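Protein chains in written order, with our numbering: chain A, 1 to 363; chain B, 1001 to 1309.
Derived by calculation from the structure, the hints in this document are not laboratory data. Treat the hints with caution; some may be incorrect.
[Unchecked claim] Here are some chain A residues pointing at chain B (derived, C-beta under 8 Å):
#1 Q70
#2 P76
#3 N78
#4 N83
#5 T84
#6 F86
#7 A90
#8 F92
#9 P93
#10 G104
#11 M107
#12 L108
#13 P155
#14 Y227
#15 A231
As the structure is a prediction and not an experimental result, all values here were calculated from the model. Backbone N, C-alpha and C fix where the C-beta goes; we use that ideal spot for every residue, glycine too.
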Amino acid sequence: MSQDSTNAIDVRQAVKRYGDFTALKTISLSIHDNEFFTLLGPSGCGKTTLLRMIGGFEDVTEGEIFLYGQEIESLPPNKRPVNTVFQNYALFPHMNVLDNVSFGLEMLGKSKPEARQRAGEILELVQLSDFAARKPAQLSGGQQQRVALARALAPQPKVLLLDEPLSALDLKLRKAMQLELKHLQRETGITFIFVTHDQDEALTMSDRIAVMSAGELQQLGDARDIYEKPANRFVADFIGETNLIDVTIKSQDGQRALCEFPNGLTLTCDARAGLEDGQTGHMSIRPERMKLHAAQVNPENFTGRVVENVYAGTHVQSILHLKDDMKLTVRTQNSDLGNSMVFEPGTEVFVDVERGAARLMAH
Amino acid sequence: MAGGTAQDNGTQGDTYKEVRDWLLAPAWVTLIVLVLLPVLLMLVYSFLTKEFRGGVIWEFSFAAYEQFFCDRGLFGDEPCAIEWTYINIFWRSIWQAGLATILSLLIGFPTAYFIATRPAHVRPLWVFLITIPYWVNLLIRTVSMRFMLREEGPINNALMWSGLIDNPLQMINTNFAVQIGLFYSYLPFMVLPIYAAVERYNFTLSEAASDLYASKWTTLRRIVLPAVRPGVIAGCILVFVPSLGAFLAPDLLGGAKNFMIGSLIEEQFKGNAGNWPFGAAASMILLTLVLVILTLYARQQARPDKGAR
């Protein structure tokens, strides 16, 4: 099979089985040059397995992996121009920071002074020059994380693999590191493949995201695609918060379809799910794409009763009961202009769904 | 924990201290009765005068140490020259014990590594298998080893039958036999501490080394070995020290030529021919030697930049 040598990584029909258990079911995907690519999914979805297959730590049961056109799936890790930032950093405990960072360069045949000088430069890049002589155990979690990053970047890999590198950090540090990683990726121009189960992290940093579940690729696209046009129920539910409603198609006219909720209410939505009239599907409406009004503003508005308001800093989350106690969550952004659209519990209100916000999916 | 609290809190600290002292009492009694007193007894005996039918006369004397280090000629009237007989025996013992330690390390390390890298649920079985021979008394095992190694023993028979050799190999009563005996006696003391260290080793470090272009050999040398060093050193001490004082293997497998310290000391306390003060003096010299070696190891371990973890 001919390969596009401009892609950083091409995974072709890759399968991973452990005995009877299939961890990865026939995955094919291409990761572009100079891209921040994220493998996103819940634990056990196969994202780490795929990353370890690219790194060479797991055999590929079937299929091929190409790195800039070169077939690599049978090479051992030390023969692949790819480096990894491990989840728990895996820093060498008996070596100081500088020796950790220069290790890869030395292994590539650089002389000790040359390796050390280059390691020093990389440490400067991650702002750890003052800690070169320390042992990993003498560093904080965030510093260890940066050493791991410096160590993996020092040999100038063609692709950098990051296995949930931020999961051990506290929220504030994690947010800072997300931006730092993104900057580092732009500065170095190295292709990053990032594994995470945190959808916020994925949305913040990635050029493109592959959402995975149960060993299968669910959707591949940029952050906006994944969030606004989820391919299926799993993606809609996993990324962000949403209202998932089982619906039946009443009628369609090309682009739009009239969908009926279990309680009989109807709503117009996108009709690109390939469903026939009378078939059932899933509808996803993001809570922030709806507004509450005291009076009807649109003929399609439906009524509901506010049950509870939850104040969450940036927004107020309102839980509504529609007809037959069907639950709906609506989010109202907090603003200095006053929360005119937040109503006291018990109030009957009209729900206005933004045009195009109701998304229909077959699965 | 109680120590920390004791420093923080005066009144309560005293109570804790008292309790702690009482709790430590059994350990102290054991140490004093089983370690300190016997060693002191030996120290005292080494400075007494020998009684000809075994035992001692309570009369202070340097005779035992002089006998060990001084050669005063056939009639004992010449000035003191260095006596090489016993120093040579010591030197040979150190050499033998060191060789046995290296042999145990070469076989024991891969064995321990192998066991530690098996799936967690089968590791106890492997450890169990390693310890099975040690359910039989050391004397009986050493005698069996003699049986295995002798000229018409199973090893020679098998080699002759397979046509590899025409005449039986002389294995018994050689240094080689002593080596095999020591190695066989103390191998588990090498395997078990190394196994414990390798089992605790974080194998992601090996993955990281491999990811950073290190070959398997380099990974073993630069990453695995420094991390499991404490286990390796413990294993070496646990094999070297008993090998140094061993007497069963040299006696039963080495014959008269391959005398070691253990046999020398053992003979001084056996029957009527012995010389108790001389045996005690030899023991004290051996003890000093071992302590010096252990102290050197401990020093090296304590060096801050050498600690593996």
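Structure-based check of each hint:
1. Q70: violated (16 Å)
2. P76: holds (7 Å)
3. N78: This hint holds: A/N78 lies near chain B, its Cβ roughly 5 Å from the closest one there, short of 8 Å.
4. N83: holds (6 Å)
5. T84: holds (5 Å)
6. F86: holds (6 Å)
7. A90: Holds, about 4 Å.
8. F92: Cβ of A/F92 sits 6 Å from chain B, so the hint holds.
9. P93: holds (6 Å)
10. G104: Cβ of A/G104 sits 4 Å from chain B, so the hint holds.
11. M107: holds (4 Å)
12. L108: Holds, about 5 Å.
13. P155: holds (7 Å)
14. Y227: violated (33 Å)
15. A231: violated (33 Å)
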